[in-house]
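Participant: Keeping their order, the protein sequence lines are chains A and B. The first sequence runs 1 to 304 under our numbering. The second sequence runs 305 to 572 under our numbering.
These aren't lab readings, by the way, just hints derived from the structure by calculation. All values derive from a computational prediction rather than experimental measurement. Treat each hint with caution, since some may be false.
As the list claims (entries may be wrong) - Chain B regions said to be covered by chain A (calculated; three or more residues, Cβ under 8 Å):
(1) 317-324
(2) 360-371
To be verified - Here are the simulated DSBU-like pairs of lysine-lysine, each with C-alpha atoms no more than 30 Å apart in a straight line:
(3) K90/A x K552/B
(4) K325/B x K277/A
(5) K211/A x K494/B
(6) K557/B x K118/A
(7) K205/A x K374/B
(8) K205/A x K503/B
(9) K90/A x K565/B
(10) K571/B x K211/A
(11) K474/B x K205/A
(12) K205/A x K545/B
(13) K557/B x K205/A
(14) K552/B x K565/B
(15) K316/B x K401/B
(16) K205/A x K319/B
(17) K211/A x K557/B
(18) K545/B x K89/A
(19) K211/A x K545/B
(20) K89/A x K360/B
(21) K375/B x K90/A
(22) K374/B x K90/A
(23) K401/B x K89/A
(24) K90/A x K545/B
(25) K270/A x K360/B
(26) K89/A x K552/B
Idealized CB from N, CA, C, for every residue including glycine.
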Amino acid sequence: MADLSTELLGLRMKNPTVLAAGFLGISGELLVRVVEEGAGAVTMKPAGPYEREGNANPCVIEWNHGLANCVGLPSPGYRNMEDEWSEIKKAGIPYIAGIYGGSVDEFVEVAKFVAGKKPPLIEVNISCPNTNEHGQIFGTEPESAAEVIGAVKRVCGKVPVMAKLTPNTHKFIEVAKACEEAGADALSAINTLGPGMFIDIEARKPVLSFKTGGLSGAAVRPIAVRCVYQLYENVKVPIVGMGGVENGKDAIEMVMAGATCVGIGSAIHKCGLGVFKKVCTEMESWMDANNVKNLEEIRGSAHE
Amino acid sequence: MSDMPRSVEITKVRKENHHTKTFFLDTAIDSHPGQFVMAWIPQLDEKPYSISYSGKELGITVQERGEFSKKLLDMREGDLIGVRGPYGNYFDTEGVKGACVVAGGCGAAAVANLVEALAKVEKPTVILGARDSKNLLFEERLRKSAGELYITTDDGSKGAKGFATQALEKLLNEEQFDMVYTCGPEIMMKGVMDLCNKKKVYSQISMERYMKCGFGVCGQCALGRYLVCRDGPVFTGEQLKDVPDFGKWARLKSGKKVPLKEYAEKKC
């Protein structure tokens, strides 16, 4: 039987599926359950510098082709997450921590604290499109992205750092290279696309409270695959590829584009938490049918 | 169908008590007792509401609580509100004959459909509790489908003085029930669960937590290892006895876990 085991910067996973940031990660107990349900690793909701509610409802909708969200980085604040840390550590699950900030100083403040928890990896959100002060404003230009990643890297000691990239820039590769040069140990791509807008024509008003929201799910998968493919050609660090993966073939495609791990999030809407097990079973079937023994054999195989 | 709110017209508004109204909407949503919809007022907010009437016209019953419910209570016939759903699981009634339904305050909205469904097989015993007589909800409606209807008020202004749980405790000592269903203040529901677990009677409890997506992806409504919006809102006493948050902790919009009292005061 095909071997799905994967390693990302020393984080050993029984399979390459990762719960993507922003999904369910609010609660340590839920993250433990997602691993029990089959995920290779899970990502905590990114911790912010202070308590933040995020945007009002509606902030997540589904439009038949994927999700649109403007959740907007809610966080209890990094000082108020002790329960979550203790649940995760008690269970000993493979996990990725996450951080965001509204300035380089805030990123550094949160990173220092989170690195002190010695997580296997910290994902740095420089790509959320759903607030005016955080995320994407840092990730569309190589200079600002490198400034954040470099500063975070300097306070994280031995804890590896992963930059989460936005596809919403014509400088996608420049940003990725700048993050790598600034010390990023891995890259994850893609954060949500757009943003997009939905107008209720009876109410004559935008549906999402922030008016716009980032698009994820099936509709964005081809863009995610292209981004991962481009990253694999241009950087040396490992890539966590995500965007619209719903089944085993989608995940295999992401690995062939060059991903070490495959993020899953929006597919939970359609498939529930069983999606991780489903994706893995389908990957194994395809690999067995094609005489592929492990993921190394096909990683990046779409390239010359 | 997409999980996007659809604007529908309010066809009828009915006053239920001094601060509660039922809104009937020009949409049929096929649902089971215990399920909920998300109701949207453009440019304000969106909140979960139990389906209090199913059938040709969806009904939701709204009690005044915070800014959103106040705005909703001001709306009139012909106004538009957005709805999406139905969401969540529902009360399991299969094979249940002798049932007791315990409703507290506006929790009656979540179990009224259930009482009517149960009555088709055997009329359930119903306990309806409230702070005082003017906060009782659906008294006449429940009376039609109940075998026995027991009323309790905290101040004794109607029915027995005391809590719904005291009425339940007395009944559990006298009668056998296949199942006890409950919806109401969390402290009351915790009391119902504890009584039922002690007597080894099955129970089903309809939970509330602040929600964002309503369909199981954002995690906001986490209750222990469960999601209220997708694993619930209906849980069994067997499930909840192992959830330390039940009756104690809930999450604010930020995700911060706070004591239930603080959560209730925030009216989020």
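Participant: Please flag the earlier hints that this structure goes against, numbers listed from lowest up.
Facilitator: Hints 1, 2, 4, 5, 8, 11, 12, 15, 19, 20, 21, 22 and 23 contradicted; others consistent.
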